[in-house]
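Student: Chain residues, written in single-letter form:
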Amino acid sequence: GENVEQHPSTLSVQEGDSAVIKCTYSDSASNYFPWYKQELGKGPQLIIDIRSNVGEKKDQRIAVTLNKTAKHFSLHITETQPEDSAVYFCAAGGGADGLTFGKGTHLIIQP
Amino acid sequence: NAGVTQTPKFQVLKTGQSMTLQCAQDMNHEYMSWYRQDPGMGLRLIHYSVGAGITDQGEVPNGYNVSRSTTEDFPLRLLSAAPSQTSVYFCASSLRTGGTTEAFFGQGTRLTVV
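Here the protein sequences come in this chain order: A and B. The working numbering puts the first residue of the first sequence at 1, with every later residue one more than the last. The working numbering puts the first residue of the second sequence at 1, with every later residue one more than the last.
By construction, these hints were calculated from the structure, which means they are not laboratory data. Hints are not guaranteed to be accurate.
[To be verified] Distance condition first, Cα-Cα at most 27 Å in a straight line; then the derived BS3-like pairs of lysine-lysine:
| # | chain 1 | residue 1 | chain 2 | residue 2 |
| --- | --- | --- | --- | --- |
| 1 | A | K68 | A | K42 |
| 2 | B | K9 | A | K42 |
| 3 | A | K103 | A | K68 |
| 4 | A | K42 | B | K14 |
| 5 | A | K71 | A | K22 |
| 6 | A | K22 | A | K37 |
| 7 | A | K37 | B | K9 |
| 8 | A | K68 | B | K9 |
| 9 | A | K37 | A | K103 |
[Said to hold, decoys possible] Which chain B residues stay away from chain A? Per the calculated CB distances, all over 10 Å, these:
| # | residue |
| --- | --- |
| 10 | P8 |
| 11 | Y35 |
| 12 | L43 |
| 13 | R68 |
| 14 | L95 |
| 15 | V114 |
Here the structure is a predicted model, which means the values were calculated and not measured. From the three backbone atoms N, C-alpha and C, an ideal C-beta is built for every residue, glycine too.
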């Protein structure tokens, strides 16, 4: 089955700086790569996703890049703000058995 | 727009007790799933369903049962609770097959087994 590795587990950045979270996956058949943000006491919520026919996608301050050859994808957050503090999960999928999630990154924005 | 609704939000069980975690969605999604979230482990798939009457096992199915009699509801049953089942449980639904489109999550059920 699919295996998703996510790094780092904790990331602390100064407000206004950029944050990068990286994930690797193992199954070359995976073709859908979403990123979820989870705030304390809430369920995960989709913030951006990318499909395997696209190398990069951007939505305002967040962007995701995908390298299919290396089986690697990353989340980039620019101009970080206090409300970006949360746990972020990457995931990979492509079949009926659903998404496989990484273990999560706790992003801390220092004022 | 309710989305995915889970009940209860919190529950404490004694070892050996049984209970059902409820999940309902109002988006007419075919695909529904249950995950458990443990510290440092991310989200792990317990069971999933691709439509009414069809269920299948995920990564960690032992100790849990599911059924899908309607498109809207997907309850998760713990037959004999164990301390290892202490976790936060999330139900999710997707428009199509679960690994290819956005998953919408409920608010979670925090379960403690003592």
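Student: Each hint should be assessed against the structure and marked as holding or not.
Tutor: Hint by hint, here is what the structure shows:
1. Taking the CA atoms of K68/A and K42/A, the gap is near 31 Å; set against the 27 Å cutoff, the hint is violated.
2. Restraint check for K9/B and K42/A: satisfied, since their Cα atoms lie roughly 11 Å apart, inside the 27 Å limit.
3. For the proposed pair K103/A and K68/A, the alpha carbon gap of about 21 Å is at most 27 Å, so the pair holds.
4. Distance hint between K42/A and K14/B is fulfilled; the C-alpha atoms sit about 25 Å from each other, no more than 27 Å.
5. For a cut-off of 27 Å, the pair hint linking K71/A to K22/A stands: about 11 Å separates their Cα positions.
6. Pair hint K22/A plus K37/A holds up; C-alpha atoms about 14 Å apart against a cutoff of 27 Å.
7. Taken as a hint, the K37/A and K9/B pair is honoured in the structure, with Cα atoms around 20 Å apart against an allowance of 27 Å.
8. Simply put, K68/A and K9/B have alpha-carbon atoms about 39 Å apart, too far for the 27 Å limit, and the pair is violated.
9. Note on K37/A and K103/A: the hinted pairing holds, with a Cα-Cα distance of about 13 Å set against a maximum of 27 Å.
10. Residue placement check: P8/B keeps its beta carbon more than 10 Å from all beta carbons of chain A (closest about 14 Å).
11. The Cβ of Y35/B sits about 8 Å from the closest Cβ of chain A, inside the 10 Å cut-off, so the non-interface label is violated.
12. Distance check for L43/B against chain A: the nearest CB is about 4 Å away, which does not clear 10 Å, and the non-interface claim fails.
13. Consistency note on R68/B: stated as away from chain A, and its beta-carbon is indeed over 10 Å from all of that chain's, at 14 Å minimum.
14. Every beta carbon of chain A lies more than 10 Å from that of L95/B, the smallest distance being close to 12 Å; the non-interface claim holds.
15. Even its closest Cβ contact with chain A, about 22 Å, leaves V114/B beyond 10 Å, as expected for a residue assigned away from the interface.
Checked against the numbered hints listed earlier, the structure breaks hints 1, 8, 11 and 12; every other hint is satisfied.
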